[in-house]
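J.: Protein chains in written order, with our numbering: chain L, 158 to 261; chain S, 3 to 351.
It should be emphasised that the hints constitute simulated quantities derived from the structure, not laboratory data.
Idealized CB from N, CA, C, for every residue including glycine.
Treat each hint with caution, since some may be false.
[To be verified] Example chain S residues on the side facing chain L (calculated, C-beta under 8 Å, incomplete):
1. Ser16
2. Pro105
3. Val189
4. Ile245
5. Val256
6. Leu257
7. Leu261
8. Ile263
9. Pro265
10. Lys266
11. Met267
12. Asn285
13. Leu308
[As the list claims (entries may be wrong)] In silico SDA-like pairs for lysine to any residue, Cα to Cα no more than 25 Å straight-line:
14. Lys223/L with Phe231/S
15. Lys247/S with Leu226/L
16. Lys223/L with Ser183/S
17. Lys247/S with Ala238/L
18. Lys247/S with Ile163/L
19. Lys266/S with Arg244/L
20. Lys223/L with Gly207/S
21. Lys223/L with Ile204/S
22. Lys247/S with Thr237/L
23. Lys223/L with Gly171/L
24. Lys247/S with Gly171/L
25. Lys223/L with Val189/S
26. Lys247/S with Ile213/L
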Amino acid sequence: MTPTEILVLVLAAGGVFFSLVAAVGLVRMPDLYTRAHSSSKSETLGAVLALAAVAIAFGTQLSTIKAVLLLVFMFLTNPTAAHAITRASAEQGIEPWTTEDDDP
Amino acid sequence: MVPVSAGRLLVPVSESSTLRNTVAYAVEQAFESAGESDRAASIHFVFPLSERYTYGTEPQAADEAQSLLDRVAVWAEEDLGDNADAVEIETALVGTEEYLFSPGDYADVLVRYAEAHSLDRAVFDPEFNPLGTTPLLPPLENEMRRAGLDVEDAPVQRSRRSPLLVQRGTVAQFLALFAASFGFYLVLAGSLATFELVTGAISAGIVAVVLWGVSLTTPLRPGRTVMQFLRLLLYIPYLLWEIAKANLQVAYVVLHPDLPIDPKMVEFDAAVWSPLPITTLANSITLTPGTLTVDVSKRQFMVHSLTESSREGLFGGALERAVRFVFYGRAAARIPSPRERSGEEGEET
Numbered sequence: 158m159t160p161t162e163i164l165v166l167v168l169a170a171g172g173v174f175f176s177l178v179a180a181v182g183l184v185r186m187p188d189l190y191t192r193a194h195s196s197s198k199s200e201t202l203g204a205v206l207a208l209a210a211v212a213i214a215f216g217t218q219l220s221t222i223k224a225v226l227l228l229v230f231m232f233l234t235n236p237t238a239a240h241a242i243t244r245a246s247a248e249q250g251i252e253p254w255t256t257e258d259d260d261p
Numbered sequence: 003m004v005p006v007s008a009g010r011l012l013v014p015v016s017e018s019s020t021l022r023n024t025v026a027y028a029v030e031q032a033f034e035s036a037g038e039s040d041r042a043a044s045i046h047f048v049f050p051l052s053e054r055y056t057y058g059t060e061p062q063a064a065d066e067a068q069s070l071l072d073r074v075a076v077w078a079e080e081d082l083g084d085n086a087d088a089v090e091i092e093t094a095l096v097g098t099e100e101y102l103f104s105p106g107d108y109a110d111v112l113v114r115y116a117e118a119h120s121l122d123r124a125v126f127d128p129e130f131n132p133l134g135t136t137p138l139l140p141p142l143e144n145e146m147r148r149a150g151l152d153v154e155d156a157p158v159q160r161s162r163r164s165p166l167l168v169q170r171g172t173v174a175q176f177l178a179l180f181a182a183s184f185g186f187y188l189v190l191a192g193s194l195a196t197f198e199l200v201t202g203a204i205s206a207g208i209v210a211v212v213l214w215g216v217s218l219t220t221p222l223r224p225g226r227t228v229m230q231f232l233r234l235l236l237y238i239p240y241l242l243w244e245i246a247k248a249n250l251q252v253a254y255v256v257l258h259p260d261l262p263i264d265p266k267m268v269e270f271d272a273a274v275w276s277p278l279p280i281t282t283l284a285n286s287i288t289l290t291p292g293t294l295t296v297d298v299s300k301r302q303f304m305v306h307s308l309t310e311s312s313r314e315g316l317f318g319g320a321l322e323r324a325v326r327f328v329f330y331g332r333a334a335a336r337i338p339s340p341r342e343r344s345g346e347e348g349e350e351t
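In isolation and in its complexed conformation, chain L is listed as follows:
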């Protein structure tokens, strides 16, 4: 295996790992806000690592630029969406879960 292939594999594996963490977090977390944490961030990193793997695998092609652009938009839109969801719920008066609450 060439170094490039190894790098691509590592990045892709990282992407899978963090996407998995996001999914596990979504199931295990107690309320909307904490779930938004796992869906917005681990998910972003997972997708970004996968896209980085794609960009490197393509080498110097136009698709590389497109993958990089996708990556940038991921970084811009994911936090915004998470913010919109949590803000809407805060405006609806949903109280965040705290450790004082009983276990769900």
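Once you have looked at the hints, place chain S on chain L.
T.: Okay, now just chain S, sitting in the frame of chain L:
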């Protein structure tokens, strides 16, 4: 349509930009129905003041509430003018011996007050919000309706909180927007064939015409923009490193059998000033695991944090400093961190 005893109004008040008009509306309503009822028309302005403000930490809150009530009474008398005898004005602080937290608590106190003084109609200031950040009004109104009160919002204009989204653009902005869209289109198309050039020009033209007044609304200053862009290039690796590092922490927390989380909502005033830096900081906070920007109003950030260590990082202010560096240069990066700015806030919240 108007109930017989509609001249007896309950008006909860708190500091707000539409309070003056709400008072005027309530007075007008009470006065109109003053003749129709055999009971005297009267308006009770009440200020729900939670116990937590009357004891200990913030004794001045009670004084402020009282002075607001006095001001409201003066306004009401001013609106009544010569007809001061027709409507009776009362003011009261309520809930001072209870801990008011949820909309239910507030509704409870207000309904009890209304029953004690046989008031059957409540007029709300649409901006009434004693809790500060969390909106309280819709659930509160529902609770009070359930208790049998006649509830309405005063039809007053809300003040505009932000400037108009659409502004008049200049020709330079139009051209910049057109050039950026055109360039982006050609990059995606990946060729300079005539077909791409023509369709690109048409698309960029549409984008520029439609979004002319919305994006790039501040005057262009190329020198500063280039410097900001260069510093942004420095910021991105730093942010990526922070994201990667913090994501490992969250992965640990999520996969840990005990799920060791301690979520809390915290607020702080960020030392960044214009919309773009604030957006950048808010997005960076959300991307850095363990912290999630829930709401931003002006400079006040409301952040939901997952663990104790993520709160530490937030109040340490490293991200905020980096954002200031990007937008304002090196000197601004030395402004103290949120914790240093307000020593007790970081520990208490």
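J.: Now, for every hint given, state plainly whether the structure supports it.
T.: Now the hints, each set against the structure:
1. Ser16: The hint is violated - Ser16/S has no Cβ within 8 Å of chain L, the shortest such distance being about 17 Å.
2. Pro105: Holds, about 7 Å.
3. Val189: Check passed: Cβ of Val189/S comes within 6 Å of chain L, closer than 8 Å.
4. Ile245: holds, 6 Å
5. Val256: holds, 4 Å
6. Leu257: holds, 7 Å
7. Leu261: holds, 6 Å
8. Ile263: holds, 6 Å
9. Pro265: holds, 5 Å
10. Lys266: Holds - the Cβ of Lys266/S comes within 8 Å of chain L, reaching about 6 Å at its closest.
11. Met267: Status holds, d = 5 Å.
12. Asn285: With a minimum Cβ separation of about 4 Å from chain L (threshold 8 Å), the hint on Asn285/S holds.
13. Leu308: Since chain L brings a Cβ to about 5 Å from Leu308/S, closer than 8 Å, the hint holds.
14. Lys223/L with Phe231/S: Holds, at roughly 20 Å.
15. Lys247/S with Leu226/L: Roughly 23 Å between the alpha carbons, so the hint for Lys247/S and Leu226/L holds.
16. Lys223/L with Ser183/S: OK: Lys223/L and Ser183/S at ~15 Å, within 25 Å.
17. Lys247/S with Ala238/L: holds, 22 Å
18. Lys247/S with Ile163/L: holds, 21 Å
19. Lys266/S with Arg244/L: Holds - the C-alpha atoms of Arg244/L and Lys266/S are around 15 Å apart, at most 25 Å.
20. Lys223/L with Gly207/S: Holds. Lys223/L to Gly207/S sits at ~22 Å (cutoff 25 Å).
21. Lys223/L with Ile204/S: Holds: Lys223/L and Ile204/S sit about 22 Å apart, inside 25 Å.
22. Lys247/S with Thr237/L: holds, 21 Å
23. Lys223/L with Gly171/L: Answer holds: Lys223/L to Gly171/L is near 21 Å, not above 25 Å.
24. Lys247/S with Gly171/L: Within the cut-off at roughly 13 Å; holds.
25. Lys223/L with Val189/S: Cα-Cα ~8 Å, so holds.
26. Lys247/S with Ile213/L: holds, 22 Å
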